[in-house]
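Could you put together the complete structure from these sequences and hints?
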Amino acid sequence: MIRFPRFLLLAALIFSVPAFSTAAEKRPNVVWIVSEDNSVHYLKHFFLGGAETPAIDKLAAHGLTFDHAFSNGAVCSVARTTLATACYGPRIGTQFHRRYSMAPMPDGLRMFPAYLRDAGYYTTNNSKTDYNATPGDEVWDDSSGQASWRNRSDKAQPFFHMASHAESHEGRLHFSREAFNNEKTQHDPADVQLADYFPDTPLFRYTHARYLDCMSTIDDIVADTVAKLEADGLLEDTFIFYFGDHGGVLPRGKGYIYESGLHVPLVVRVPENFKHLVDRELDSRVEGHVEFVDFGPTVLQLAGVDVPEQVDGKPFLGAGISATEVDARDESFGYADRFDEKYEFIRSLRKGRFQYIRHYQPWLPDGLQNNYRYKTLAFTEWRELFNAGELIGPQAEFFKAKPIELLFDCEADPHQVKNLADDPAHAKTLATLRGRLTEKLKALPDLSFYPESMLMSDAMTNPVAFGQNQKAEIAELVDLANLALGPFTQAKAGIATAIDSIQPVKRYWAAMVCSAFGDEAAEFAPQFMSIVTDDKPIVRVRAAEFLGILGKIDPQIALTEVVNTTLDDPVVITEALNSIVYFQDCATPAYPLDVTTLKPGSAGGDIDDRMNYLKGDPYPAKPAKGNNKSRNKAKK
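Quick note: the sequence shown uses the working numbering, first residue 793, plus one each step.
In short, the hints are calculated from the structure, not lab data. Every clue listed holds true.
Under the rule of at most 25 Å between Cα atoms (straight-line distance), these lysine-lysine pairs were calculated in the BS3-like manner: (1) Lys1167 to Lys1414; (2) Lys1167 to Lys920; (3) Lys1328 to Lys1284; (4) Lys1234 to Lys1284; (5) Lys1263 to Lys1234; (6) Lys1210 to Lys1192; (7) Lys1194 to Lys1143; (8) Lys1344 to Lys1328; (9) Lys1220 to Lys1210; (10) Lys1143 to Lys1232; (11) Lys1020 to Lys1067; (12) Lys1298 to Lys1194; (13) Lys1344 to Lys1298; (14) Lys1143 to Lys1220; (15) Lys1391 to Lys1328; (16) Lys1328 to Lys1298; (17) Lys1328 to Lys1263; (18) Lys1344 to Lys1284; (19) Lys836 to Lys976; (20) Lys1220 to Lys1234; (21) Lys1020 to Lys818; (22) Lys1194 to Lys1232; (23) Lys1298 to Lys1263; (24) Lys1210 to Lys836; (25) Lys1067 to Lys850; (26) Lys1143 to Lys836; (27) Lys1106 to Lys1234; (28) Lys1020 to Lys920; (29) Lys1234 to Lys1143; (30) Lys818 to Lys947; (31) Lys947 to Lys1067; (32) Lys850 to Lys836; (33) Lys1220 to Lys1232; (34) Lys1192 to Lys1344; (35) Lys1106 to Lys1143.
What you are looking at is a predicted structure, and each value in this text was computed from that prediction instead of being measured.
This is the structure:
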């Protein structure tokens, strides 16, 4: 046996262990290029009639195209928080855009880039955050307009870089009538393929063409980012994700839970040096469903970092992730709650080729006033045409009450204008998706079965713990809400029990279910005549809605009282103002309102927005700096 001196053995061990920089080079970089507010419908790579995007196509040729990628929320702060947390918003209290209260991160969980930092990654964000959850200080090495992988001191350090690009943001369509008349677009408006639900007008065609121009700009940004990575010698060490942050941005896109609001483009370029982390051939299309909760876990998996157990998502790329397993995934979950001042409560489940949508407030039309949406001229024109009686069929549905359930075949009907929920041929599919969604809502559990005002007062110190403590009651509320799906004769007993409940939230849901039934539930009007003076303001709001739908009272009187007598609770006031606008603009018959009688007990962004609209000036001149009481509107 040959023996070596100890100092030689020690030297051999020292020089055989890679330095940090050498080890780091064996881990991939990841870059996210995020285009704001665009669904698959605006890129030819995904949808007929979309813009040509040669740079994105080039990414796909050296990577993967995901044909079924979905945002879970249809608006920016909700979608961005879902990406950062890898958690479903209604489970952790981040589902409202924008938050009245920042939700704490679930106990023991951090936003996913923090785990990359722990593992030695340089993490940068350029530059939007706009989260609905408290991020913590450890998420980013740099989050600013100057953030870049190029700023790291050790050029061998692996990095994760996220850049959001507003060149495709909704605000790009807030052009003036003068611009419409005088500014030409690169894409010819005569050639655009409008969605089946849009009126075919010069303004809609121009708006669509102008947005296709935005997508061409995004493609140039993708090309520029790739060129920078290539110039730095990093291209073949870097996974590049290009995706939209939710749908949009023409009317019925952003802020709506249809495919146009949730189905996003996703292309991932796979670097040569890390092809072994991907169980697929390059230049292939992925059929499996992936959603935003999966994106962060996927980056962690690619980086070789453990995925926290508390997240809802699961990786779709990385070591040990089978293409067969990913292709078997066929579900995605969507949620829509408050969008600034406009309230909704809608859930969706996409399974295979079908999307199921459940409206919990079906009397509210999609076209209910939302100030920021209506800054787009096409939105306003659409409503004017409806009010003038010039629309029929799918083009008119946006401004009408909604069916309580929708079922769409997204492949046969990509613009989702043919509701199959009442088609006997699809009864089995409807029942399957309805049941699957019910299971999902109970399993989370979904906090939105409490109105936002109740969550603000009772849940936001620890939303996850609140949800777990109330899980059994939330399941009861899901079942109570589902009474609206069956015949009224079968729902009556459950409604009667809920009306008499000592729990305000059950009285709340009794009113919601009765409003969904409308005239069928008129026999319960006497009970609600007393509930309209309930000690819980939000229950009074729902009782007034039901009685107003029946024509038993002028709901504006009861709703105005809630607005004027609720002090220091802007959430309740915002909830009540939503109903006031509905009854003024959308109810049949309408209930006019003397706006001078409204004297809100609180102020704030959403209250100001509603009040400005009711006064006839949704966007008045801004007050002098330092006097603006509005909640943050700067990061639309």
